[in-house]
Amino acid sequence: MIDIRFPIGLMFSVFGIIITVYGLTTIGNDAMYLRSLNINVNLISGICMLIFGLVMLFFSDPVKKWLKNRKA
Amino acid sequence: MDTKFVLGGIDYLIMIVYFIFVLGIGWALKKYMKNASAFLEAGRSIPAWVAGLAFISTNLGALEVMGMTGSGLKYGMLTTHFYWIGAVPAMLFLALFMMRFYYGSKARSVPEYLKLRFDEKTRGLNAILFAVMTILASGISMYALAILLENVLGWNFNVSILASAAIVLAYTYLGGLSSAIYNEVLQFFIIIIGLLPMTLLVMKDVGGWSGLQGGLAPIVEARGFAADTWTTTWKYTGSGGANPLGVAWYGIAAGLGFVLSFGYWCTNFLIVQRAMAAESNIAARKTPLIGAIPKMFIPFLIIVPGIAALVLLNDPTKGFALPLNETGQPIYDYTIIMLLKQYLPAGVLGLGITALLASFMSGMAGNVSAFNTVWTYDIYQSYIRPLTGNHELDDKHYLKVGKISTVFGVVVSIGAAYIASKFGNIMDFLQTIFSMINAPLFAVIFLGMFWKRSTGHAAFTGLLAGFAVALLHHGLTQPMGSDTLVKGGWLGVIHEYPVEMAQNFWTAIYAFTTSTLLTVIISLLTKRVKSDAELDGLVYSMTAPINDDEVIWYQRPWFLALIVAVICIILTILFW
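The listed protein sequences derive, respectively, from chains A and B. According to this note's numbering, numbering within the first sequence proceeds without interruption in unit steps and concludes at 72. According to this note's numbering, numbering within the second sequence proceeds without interruption in unit steps and concludes at 1576.
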């Protein structure tokens, strides 16, 4: 069976990249972030999701196997 | 109040990425679906942590999420009774005392356990009621999703129903129960991560927990309650009148903490199926315990923002409002939607909406994957085409039936969704009725597991009578001020309850008591048919005690259960 950590990690890494990039491009757009109390929530959640995604990927079986093969 | 969202391209992009992953998981699992057991039981190969998160995710449907945020606004922290007293004890009991029999009996479903423990007719009654109930529930949640998408995103009702049904069908058809479970885990994470920004922003806006308490005091006092009623759980349950729930502590403890929660968590196949798919007996016993850990903290994610919404509603400078229904009453279920709209900019907004979509799908897929199992094993294999003895042929045949029943289940759900859109009241009524089968079922399964003397005739009568009493009680009572027969009183009113919740509690208590008494009495009057050997693995006193000695102490279910219990007690004391 597949290791569910792999798709979870992959999906949140993709989300993380999309949202982080979007957050970066909207820096200084004060009108847009008025509702989120002047916080660039995209940038913050994007980075958090990317970290979460990468951690999940790192512990998933396919990546572990790949790292082991590379060492050998 | 305008409920419409304007979604940007970025929001749709998030949604599309999510759907690609959902379908991709189904696709990746397709090659493992070689026989009926792989398709309908996930081959009993799911690791404990995956089963545990799926276990809780099935319960975290969108109707639950939306309803609980709305209840937070209406009842405050008292809503956490549905999580702490109303879920954790039952989950602990399921894990420590019941799961070993469900799993160890090799039954493939809860109805099949009834067949092994009691007899065919008890199984038949339960299987048919369960099959009808799950399809209805799936239809109702599909209807709710379509209405939501229409109101919020302006999507066409028919397109929403067909599209959501098609996605759920695609991934459950491709990968069966494994696909449903894996997607539930994915959904679990996206629900948490998608809603978290909203929760944090609301709390920041109202000034944290202390700001919330301060903001609530004048509002709550104006309603005639003590200032901290909305931020405490047990403090004002000395009498029903002192809290907005309208129920005193003994009603909460007996109704919610015992009858309703044990009926739901310990016997509902939709939930138990996740643990039955676990890779080993010990993994199955750990499943509800692993699920209990996030369960205890979900109130902070969805109930607390609802409470904060009460402060926002009363602060004109925030510009926060709820949509109103035809009679001018606020629609509380929309609280979470309006909070998402209030705080989230494009980007994370797409994530929040995707989280809601995900929770709808997880509820629907859960229903469909439980339905096809009960249909294939408990109805089709028992009454229409029994096993032939040719393993290879049977396996192929039941895999096909499992797949066809998945399609059938989704199609009938779509039908149910349209019936709900035409006759919403009838569906509410049916759902109330079917929710009544849980309490008697718990009585019967509990006696079956822990009292070897209980017999098949008794179990069957107990189930039926419990159901009849629940119906009778519902027909003869109604909540105060009810103007519709859906809420009860369709046989004439002999008692009025202050709130609907109290009526539900008492319906369950009467049904459970009747069922227990009748099952005990008839068991004593009838002959025990099953021999001791036949009851091995099904009944507590006939089964060898569990031996977890080979497992290191901190991985034993008892240790995990202790941690869960301690956290739950600490939370209860903190928010007393």
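Heads up, some of the hints might be wrong.
List of simulated lysine to aspartate or glutamate pairs, EDC-like, C-alpha gap at most 16 Å [to be verified]:
hint, chain 1, residue 1, chain 2, residue 2
1, B, Lys1074, B, Asp1228
2, B, Lys1106, B, Glu1279
3, B, Lys1034, B, Glu1392
4, B, Lys1031, A, Asp30
5, B, Lys1452, B, Asp1536
6, B, Lys1030, A, Asp3
Over 12 Å on every C-beta distance to chain B, these chain A residues come out as not near it, computed from the model [to be verified]:
hint, residue
7, Arg5
8, Tyr22
9, Thr26
10, Tyr33
11, Arg35
12, Leu54
13, Val63
14, Lys65
15, Leu67
16, Lys68
17, Lys71
18, Ala72
Take a look, some chain A residues computed to stay more than 12 Å from chain B by CB distance [as the list claims (entries may be wrong)]:
hint, residue
19, Thr25
20, Phe58
21, Lys64
22, Trp66
23, Arg70
Think of the hints as simulated: they come from the structure by calculation, not from any bench. Please read these numbers as outputs of a predicted model, since none were measured by experiment. Heads up, the beta-carbon is just placed ideally off N, CA and C, and yes, glycines get one too.
Practice task
Say whether it holds or is violated: Leu54/A keeps its Cβ farther than 12 Å from all Cβ of chain B.
Solution key: holds (14 Å)
Handout entry: Exclusion check [Arg35/A not at the chain B interface, CB over 12 Å]
Key = The claim breaks: Arg35/A does not keep its Cβ more than 12 Å from every Cβ of chain B (closest is about 6 Å).
Handout entry: Restraint status (C-alpha distance of Lys1074/B to Asp1228/B at most 16 Å)
Key = At roughly 14 Å apart (the allowed maximum being 16 Å), Asp1228/B and Lys1074/B satisfy the hint.
Practice task
For the pair supplied as a hint, Lys1106/B and Glu1279/B, confirm whether the alpha-carbon distance does not exceed 16 Å.
Solution key: holds (13 Å)
Problem - Least C-beta distance from Tyr33/A to chain B larger than 12 Å - result: violated (6 Å)
Practice task
Run the C-beta distances from Lys68/A to all of chain B and say if the shortest one exceeds 12 Å.
Solution key: At roughly 20 Å from the nearest Cβ of chain B, Lys68/A sits farther out than 12 Å, so the non-interface label holds.
Handout entry: Outside-interface status for Arg5/A - nearest CB in chain B farther than 12 Å
Key = violated (9 Å)
Practice task
Hey, is Tyr22/A genuinely clear of chain B, shortest beta carbon separation above 12 Å?
Solution key: violated (5 Å)
Handout entry: Assertion that Thr25/A lies farther than 12 Å from chain B (Cβ)
Key = Non-interface label fails for Thr25/A: nearest chain B Cβ at 10 Å, not farther than 12 Å.
Problem - Separation of Val63/A from chain B, once the least beta-carbon distance is taken, above 12 Å - result: holds (16 Å)
Handout entry: Whether Lys64/A stays farther than 12 Å from all C-beta atoms of chain B, as the label says
Key = holds (15 Å)
Problem - Pairwise hint evaluation, Asp3/A against Lys1030/B, where the allowed Cα distance is 16 Å at most - result: Given pair Lys1030/B, Asp3/A holds - Cα atoms ~14 Å apart, limit 16 Å.
Checked against the numbered hints listed earlier, the structure breaks hints 4, 7, 8, 9, 10, 11 and 19; every other hint is satisfied.
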